[in-house]
Each structure stands twice: as structure tokens, then as C-alpha cells.
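*Asks:* Chains A and B, in that order, give the protein sequences.
Number 1088 in the working numbering belongs to position 53 of the first sequence; there are no gaps in the numbering.
Number 157 in the working numbering belongs to position 156 of the second sequence; there are no gaps in the numbering.
Take these hints with a grain of salt, some might be off.
Lysine to aspartate or glutamate pairs mimicking DMTMM-like chemistry, simulated, CA-CA at most 25 Å apart [said to hold, decoys possible]:
1) A/1215 to B/682
2) A/1215 to B/44
3) A/1215 to B/12
4) B/311 to B/145
5) B/440 to B/682
6) A/1169 to B/438
7) A/1215 to B/19
8) A/1169 to B/50
9) A/1215 to B/36
10) A/1215 to B/50
11) A/1215 to B/878
12) A/1169 to B/38
13) A/1169 to B/44
14) A/1169 to B/12
15) A/1215 to B/52
16) A/1215 to B/167
17) A/1169 to B/5
18) B/923 to B/878
Worth flagging that the hints you see were computed from the coordinates, not collected in a lab.
Predicted model only: the values in this text are computed from it and were never measured.
The residues making up each chain are set out below.
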Amino acid sequence: MSQTHAVTGLLREWVRGNQQALADLTPLVYAELRQLAASYLRRERQGHTLQPTALVHEAYMRLVDQSQPNWENRSHFYGVAARLMRQILVDHARRRNAGKRAGINVPLEQAASFQQERSGDLIALDTGLTALEKVDPRKCKAVELRYFGGLSLDEIAETLAVSAVTVRRDLRMAEAWLQKEMQGA
Amino acid sequence: MTQERWTQIEELFHRAAECDSAARASLLDATCSADPELRREVEALLSFDRDAGQSFLAAVHSELDAVGFPLTGETVSHYRILEGLGGGGMGLVYRAEDIRLGRQVALKFLPEESVKDPASLSRFEREARSASALEHPNICPIYEFGEHEGQPFLAMQLLEGQTLRERIGAAESGTPPFESADLLNVAIQIVDGLDAAHRHGIIHRDIKPANIFVTSQGQAKILDFGLAKPAPVITVVGNDSQGDSRDDAADSAPHELELPGTPDLFLSRTGVAMGTAGYMSPEQARGEKLDQRTDLFSFGLVLYEMATGKRAFSGDTGPSLHDAILKQTPAPARELNPKLPARLERIIGKALEKDRECRYQTASEMRADMGALQQSKRAFRWWAVGLSAAAAIAFATILFVLNRPPKTVSVVPEIKLRQLTVNSSDNPVASGAISPDGKYLAYIDTRGLHLKVIDTGETRTVPKSEVTKDPGMNWEVGPWFPDGTRLLINVLPSREQWDEPGPIISSIWAVSVPGRVPTKLRDHAFAWSVSPDGSLVSFGTGKTKIGVRELWLMGPNGENARKFQETNEGGGIGGFGWSPEGKRYTYVLANSSGNTLLSGDIKGGPTVTLFQSSEFAKLGDVNWLHDGRVVYSLAEPGNGGVCNYWTVRLDLATGRHLEEPRRLTNWPNFCVFSGSSTNDDKRLAFVASSGFYTSYVADLDAGGKRLRNIRRFTLEDADNVQVGWTADGKVMVAQNRDKWSLYKQSLDSDTPEPIVSSVAGGALLAGAITPDGKRYIGRIWPDGESIDHPTIPFPILRIPLAGGTPETLLQLSRHGNVSCARPPSNICVLAEPSEDRKQVIVSILDPIKGHGPELFRSNVDRVLGVIEVPPCVISPDGTRLAIARNPESPLEIRSLHGQIIRKIPSQSVGELDWLNWSADQKGFFVTRKSQSGNELLYLDFQGKATSLRKCGGGASGVGGGCGGSPSPDGRHLAIDDKNQSNNIWMMENF
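The following block holds chain A by itself, in its conformation from the complex:
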């Protein structure tokens, strides 16, 4: 079975309620996204910032059979992909941070002039999201879809099966709350 068929089948299974299908799906999507992230950047990055949207859409196009469009499959896929993108980036940030702590010799004045280090932000965001998920899983999902999946408000609304107004409210609350958590307030 081709990978496309496999992913499409697993998605369908998962939509029907088979949780094992999600477990099987995850590594496939993870691998695809990771490879896309690296290769996309290397090939296409020319002065513009890469959007996660492009990666998630591309992964969807590559992994899911397009001959029978199915919005349910699509929204489930985006849900998985955004979560995995978060995982990929946070894993990467953790590894990077670990490397730094292991001690690469950087003279103090150089370290001071470094551009703002973002890996800390990302880890803090991840921690905040984990906490948010316990209180309000839908808001956590909305944030994931928005920032790690690069989805528009309408796409998020479709994926979460709520109205766009609700998504807007969810995001506003979630962002304020996450900021508060991340600042330790």
C-alpha cells in the first residue's frame, strides 16, 4: 500500500473512532512534516519567512489521497499536523537548549549581542499550552491550529466544528491566558 493510501485509510479509521489509527498515523505525518520543514527551508527560503501553513498544506497534499476530497479527513489531518508541528519544533528547541547548556564557548560580549533567543519562548509556550489543555482543550487546539498549523480563523472553525466568532473569542482568551502564564504572573 502506498503511503498516501495508508495515511488516507488511517485518517478514515481515526475519524470513525479508532484511536490506534491515530497512533499509527502520527509517525508518518511527523516524518513528512519534519522532512518538509528542512527541505522547504533549504530550497525555497529566499528572504521570506516560511509559514507553517505551507508545510501543513503540503504534507496534506502529499500524504492524503486527493481523489476523494473529504473535509472530515482534512480537518482531522490538520488537527494532527498542527499538534505534530508543535511537537517537532518543541523537541528541536529543547535539543538546542540542551546543546547550549552543555557549553559552547561563546565570549560574553558576543553572547550579549546575540539576536533575541527564541527557543525559550517556544518552550514556555508549549508548557503553557499543556496547562491550558487541562482546563480548556478546545482553546489549546485553536492555538495549535492557528500558530503551529498556520490555519485561518475559518479553517480553524471548520476543523473544530464551531463558529468563527467562537474561534476568535477562544483565541483572545487563550492568548491572554498563555501570556499571563508565560510571564509567570
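Given chain A's structure and the hints, the job is docking chain B onto it.
*Replies:* Here is chain B on its own, set in the frame of chain A:
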């Protein structure tokens, strides 16, 4: 936290967030009176209710970048890696800062796979080092070869711009990525780079759009030079497909890989790698030993794509691409882009010859062809009155103005153009005429009259001294007699002499083929035409205020002259001609309301108006063909210096157009004139003219009052305008080769040192070097700006002389004037007209901050022209200003506060166009504006002017030329003067 509590917090948060701060307080007061904890929670949330999205996105993007560019933020050797720039087959590229030198560089890391092979690694290092020795402006320099944790990297110049791959990819599909002028400009730079490398025995082997970078300044840079292998010293003749690879097995591209030997070789055979394979030469595809000619083929493919937007060969798979490269001929480039010059298509075709023996053999050979093409397309900005004096005086050719603008139609494709003369700009062709049988070309240049047999090139010259010893007299080729054995020439005075009152002082001479001594036919006369049967010569004589008074006819040897027409003092007659069958005549009648082209029957009767118009801007020369067509030249809209030939069929008896005007030539940078056709209408010869500025340098003698040893400083036939001297004694030159650039060059060198390879936005006008010697403050005349109705702000640029990107220092709403003192002073000043244009405002110009404090204002006692700025220049020591408020009033020396220190009578100069202090501050170099060409003068403090040089070109309204800039030590003067390149071309099949 319970779900209930969370919902409560959220609801109150949203309600409060919608309120203004007063309403918010009362809402919270009312709602939370019994629940201070709730209030605390909501208030905390509200304090974070701002757009957090951007910071989340930034965190995500930054990490995403880090996934693709794992070294971001690290320090490698003495480089601090700032961010990922891109990458591809050749590995990852980062922007990094060289900590030791404080400059930014591009660091390119090789793909990991390449590291595994020690042989290829050491080869890579060896070659990278040899390539780093290639110092050429069109080769991206490699600064250093290094290694980081076993991974080799290169430090290269950091470039801003894009690769040709991106540029081509960004073009809309169906539109060519480049205009042909741009294309040539970039292509010539690339081939220059290739030439330099090939001369060092280095071939690239992987020329492709992704390896050619065009900076935002328009400079082309070949990347990855040196990742290729050195060219073999001896070209293997009769190489077999196995390749002679005993000596360097590792170097030869293995046949089955189908890829050139750069690091792309190590990539998987998808996407990017396939792109590389698409630019292989046939010998490369066969795995043969390569020489420099492989680069020329690959470059041909790149050119093809630049010209058409399409790949020449586009197989989907390795084998089909391979097959295409070896066997297919790509579709002619002009089928995909009909606007492409045919000569460019031929150049591409020759580069793409599959047999390398038939291809261009060297880059310089290809460069020569492209250079010649560019030459023929070069901008012709200052041609305005470059018409020969005769044409201006006597309407020697019929003034012809269409009463409606012709439609633009495509050029007839089968027209053939052939260049008949190859005169340099030192010796421009003034006029010419083809004999009616098409056998001879008669033309005049500074050396005399030449009669050239067109088919053999054999030429006989009649020196000018045979006709006149007076250097002030010009001569011009007149009409041929129909049998092709004799022609007439006119000997004419200069424009100034013509304008003086008195009799017409031109004379008509006859020359017999093949170049006998001319005989004079008539004095005080100017020949226009010979009747089709050869029995009558028409000529003009007598002057009115605006033209020729009388139209006369005479026999072929000057006998039996009689008056035919006459006009009054307010009118003028011009350009008399016969219709080809001899039954009708045409001539121009000029009066104060304009010019009319009339036609009449030779036997008498009323005249018919063929054209009536006051639109003299469009006038051009006219040639009546025997088949009833008219070929005439017409200025291109918006660019009076460029004109092309058109044709139309007219009914001479009624003036009716029998068909729509049709364009014959479409040369973007030339003006055509002095046309003549053969009896069979098959050949039309004409002068194609292109004008440009050249810089000269002279030694100053006698306290600045005499020039010695004047020599041409810039050799190229393109605008090169001197704009001053650098602190280290080099001449700064603004150059226009499709785009404006700035370079400096020392007096004892003919090698320019580029400062800025391309200035965006328009023409670079004269400016000033800042007192610290580090920057040039230059003014821009924006592209598309009209002299009469300027609309766009005029930018003033700050250009670092050590290289770097020009920055806009300020935008002026009116044209301004910049000058700077020399150290120890540190002052620059800006002079600009006030809003009402009745004053000139002089302020300090800060090279960093722009506009400084105003110093003073001065009335100019009139309203300045829309682009006029009175010359105002600070003295070298920074203590005084020289200002010429009015052409009539004296030149003033003022203090920085505006007090007049001294007035210098300058009536002897007349209208002043350029003003510069002499180095010793005891006088000025000024330029006198004049119709017949500007003049450079030295003006002392007593007002005595000494002529230094009379410049060519004539007044044109733009630029002017003939400016003088003294070197800081006062020993030399840099001068800009006009030059003109005029040559005769022949059109066939039109």
C-alpha cells in the same frame, strides 16, 4: 480550577475587554464586589490582552528556521552565524558576521554527504583556494575555506539580490523574464566573468541560473566558481565516450551519474539535482573530458531561459533530458519571444551548437558579439541637434510631420540591415548617400568624402582640402545624379555663421565617380535634389529670418539657372523634391504658424497640401520611393533623441494616405537620418547616430589658464561623465550602460574601479565628495522624469566610496545643487529653489542626517525654470560660496551667512552652466552654454575669461556637458565632453 470557574472568568474577561476603561472599572466593581479573587484573575488577563499572536508566530518561525538551519545562533571559527539564507544542492547558506573583520559574509556549508569522501574534500579545498584567487567583479569572491566539526565551509561575499533562477521563476508565465537591454547587460557581465576564469584555466562546469546572482545593484556574480575542476591544459582531441580518466578518475563525471562534477553530484536525483542536469553540455552528458566550451554551452542554455522564460531542454527524467541535450534542437528563441533581437537569437544559437567545434570557442568571442549588439542598442540621450548643420539650416530633407500619431505595428521581419561604415566616435559619419544603382556609397567624415564600392568595400577618398581650406566650413553629401556617375555636395558654414545676416555662403560642388577632384557648380546656393531624368538640379538661395528665400532650378552642370518659387521675409522654403516619375514636385513652406508640405504638378496649377502641422518635434528625413511609398523618420514618443524609420503610401495629387503608416525599424537607442534609396527601391542607406558623454583629462598650466596634454580618459562608447575627484586623486566617473553606475579610475590607469555597479532610479548627476572623503553625495534624475513637467521628487543619494549600497539621503521636491568643501573643513551645502522659485535657499547638508540648518536665502529677481538651480558652490576651504544668481548679473562670492564679499563681472561668460572653484581658490572653471556646443572657460576674480575648450555636440537642453573639475592638487582638470558615434547602415527588403 473548575470548569464553572473558568467559564465565569472567561465571560467576564470578554465583557470587560469590550468596555472602555471607565466602564470596565464599574463593570468589575459591580460584578466582583463579593469575589476579589475573580477580579484579580480577570484584571491579570486583561493586562495581557494584547496581540500576542505576533510573538507566538515569531517563536514558531524562528524555531522552524532553526530546524532547516541548525547552525543559526552558533559561532563557527570566527564567524557568528546570524540566520539561514537558503540552500539547495550545494548545501546550506547562512548569513554570518566575521567577528575579526566586522563584516557580514555568506557561509556555505557543503552537504554532509560530500564530507564522507576525503579525496573529493581535498579536491574541493584545492579548487576553492584556486578560485579564491579569481578577482573579478563578476565572480563572487571566496574569502576563506574552513572546517567546522569536520564539515567544510566557504566564506563568501554576502550578496543582496537574487539568483537568475529566482528571477526567471518570478516572471509571469508567458512573459520573458528580461527585456533585451537588461538581458544583454547581465549577460555581458556573466561572460566577462567566465572569460576571466577561463583565462586562469578554471572552468565552472555547472553554469545554471541558480549559480548566477544578480545583486540589487544590477551586478551579475557567478557563484560556486572553484567548485568546478581546473580546465585541462590540453584539450583532448577525438575523445571517446569512455573519457580519458586515468589521470584523474575522481574528477571525471561518471557517465551514469549524468551530473556535472560540482557538489550537486552528491545530491539525490530529484528536484534540484535534475535542474542541474538540465544545463549540461552534450560532451558533459557523454561523460567526456571537458574544456571551457562546456561553460559556453551551459551559458547558452541560461541565456535561452533568460530570453524566453522557458528551458531549452525539458525532459522529465534523466534519460529523456540526456537525449534532448544530445539530439534535440530547441525551438528558436524568437518563436517564444518575438521581441528578441535576431542577433541575440543567433548568439544563443551559436552557444548552443552541439558540436563544440562549431560553438563559440572562447568567452571573449561571445563577449565581442554581445558587445556589438549592445553597442547598436545603446541609449542615445543627448542627441537633439546632432543633425548636420545643413539639415537644420535649409530643411535639406523635407520636413515631414504626420498629422496623427502612427500606430505601432511590428517590424517587418524580413528586413535586412547591414552596417556599411565602422567609424569610431572620434570620426563620426556626417552624412551619406547611396548611388541610384546601389553600387556606391558616398559618405563624409572628418577625413573627407569617401566613395565606397558597397560589394567590395574598396574606397576612394577625396580630402576636404580639395574643396575648402576653411576649417569652419562643413560639407555634406547631396543628391546623386540618376545614372550613378556623379553626385553633388554642399559646402556649408557653421550654424552661427548661417544665423548672421548677409548672403547665403554655402556652395554646390559636383564629384564624379570614382572620386575625381570636385568642381564647383554654384556659389551662394544649397542643392536639394536632382530630377529623375537628371536634367534639373533644384537648389535654394537667399535667406529669410527662418529659412531659404528662393527656390531655383538649373541644369546638371550649373547652366541655365532660373528662379522657380520665392517666399517673403517671414517665410522659408525647404527640401524641394521630385516625385519619382518626375511629374510632381513637393517642398516645405515654412511660416510663423508652422510648416506645410505642399505638392504641385510640374506643369503648373494649384498646389495641394500634403501635410500641415506645427508639430516640428517629430520631423525627420523623407525619402520618396519609386513605387510611390514614402520612408520617413519619426522621433519616438517621449524620447526626441531616438527616431526610427516608418513608411506610408501617399497619393501625391491629393495628399491622401493610401495605407496605414508602418514601422520599419525599431532601434531603441539611435536616431536615423540622411536617408537615400536606390532606383529599384531595394536599398535604403542612412546614418544611425548615437551620442554619449566621454571624459577627458588635461594638465593645467599657467595658473589654470591653459590646458596641456588633453587626453581621452574614458575609452568606451557609452556615457562616462566625470563628476569630480576622490581624496586620493582619482577621477570619479558616472557611467551609463543601460543603467547608471559610478566608478573611479586613476590617471595612469585605464582600469575602472567600480564603486556602485548600478544606481537604481535614474541618471546619476554630478554631486560632491564629502570632506571626509568617504562618501559621494550624488543627485538622481529620475527615470521617466520630464524636463518640462517634473513630478517625481529628486533623490539625493549617499554612496559609500568603499563600496556598499547607496542610500537615499533626502528627497527634494525641486532640483538641487550639492557641493562640499575639502578637509580640514567639513561643510557641505545644498542650494535649492524656494517653493515659489523666486529665491534660492542655501543650507548645510549633513552627509548623515540630510537637511541641516538654513544659511541664507537670496532673491533671483525672476522665477526660476522648473528644473533650474542657480550654480552655487562652496569654496574648497569651506569659508565662502560662489553663486551665479542670474545669467546677466555678476558672479557673487558670499560668506556662509550670505554677505556679499565680492562681485565678479561675468558678462564675458554669458549663460553659465557649470561652476567650480579652482583648487587655489583664485578663479573658477565655468561652462558657457551655447547653441553650437558648450565652452569651458577659466574665469579670474577680475572677470577675465579664458577659453579652455570648446565642446562638441551642441546644446541639447539636457546635461550640457563641458564641465571642468580640478584635481585637489590643482594640477589636472577632468572634463566631460560629448561624443557621437555615427555610422551608415543599409536596409534591404523593406
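*Asks:* Holds or violated: are the alpha carbons of residue 1169 of chain A and residue 5 of chain B at most 25 Å from each other?
*Replies:* holds (14 Å)
*Asks:* Quickly compare the C-alpha distance for residue 1169 of chain A and residue 12 of chain B to 25 Å and report which way the hint goes.
*Replies:* holds (19 Å)
*Asks:* Within a Cα-Cα threshold of 25 Å, do residue 1215 of chain A and residue 52 of chain B meet the stated pairing?
*Replies:* Holds: residue 1215 of chain A and residue 52 of chain B sit about 13 Å apart, inside 25 Å.
*Asks:* Keeping to a limit of 25 Å between CA atoms, is the pair of residue 1215 of chain A and residue 50 of chain B held or broken?
*Replies:* The hint holds at about 9 Å.
*Asks:* What's the verdict on residue 311 of chain B and residue 145 of chain B, does the C-alpha distance respect the 25 Å limit or exceed it?
*Replies:* violated (36 Å)
*Asks:* Residue 1169 of chain A and residue 438 of chain B: Cα distance at most 25 Å?
*Replies:* Outside the cut-off at roughly 99 Å; violated.
*Asks:* What's the verdict on residue 923 of chain B and residue 878 of chain B, does the C-alpha distance respect the 25 Å limit or exceed it?
*Replies:* Distance of about 12 Å is within 25 Å: holds.
*Asks:* Hey, residue 1169 of chain A versus residue 38 of chain B, does the alpha-carbon distance stay inside 25 Å?
*Replies:* Distance ~21 Å between residue 1169 of chain A and residue 38 of chain B Cα, so the pair holds.
*Asks:* Tell me if the straight-line CA distance from residue 1215 of chain A to residue 36 of chain B falls inside 25 Å.
*Replies:* holds (20 Å)
*Asks:* Hint check: residue 1215 of chain A vs residue 19 of chain B, CA-CA at most 25 Å. Holds or violated?
*Replies:* Holds, at about 19 Å.
*Asks:* Under the criterion that the straight-line Cα-Cα distance not exceed 25 Å, is the pair residue 1215 of chain A, residue 167 of chain B satisfied?
*Replies:* Roughly 43 Å between the alpha carbons, so the hint for residue 1215 of chain A and residue 167 of chain B is violated.
*Asks:* Would you check the hint for residue 1215 of chain A and residue 12 of chain B, treating anything up to 25 Å between C-alpha atoms as holding?
*Replies:* Since the Cα atoms of residue 1215 of chain A and residue 12 of chain B sit roughly 17 Å apart, the hinted pair holds (cutoff 25 Å).
Consistency note: the structure conflicts with the earlier hints numbered 1, 4, 6, 11 and 16.
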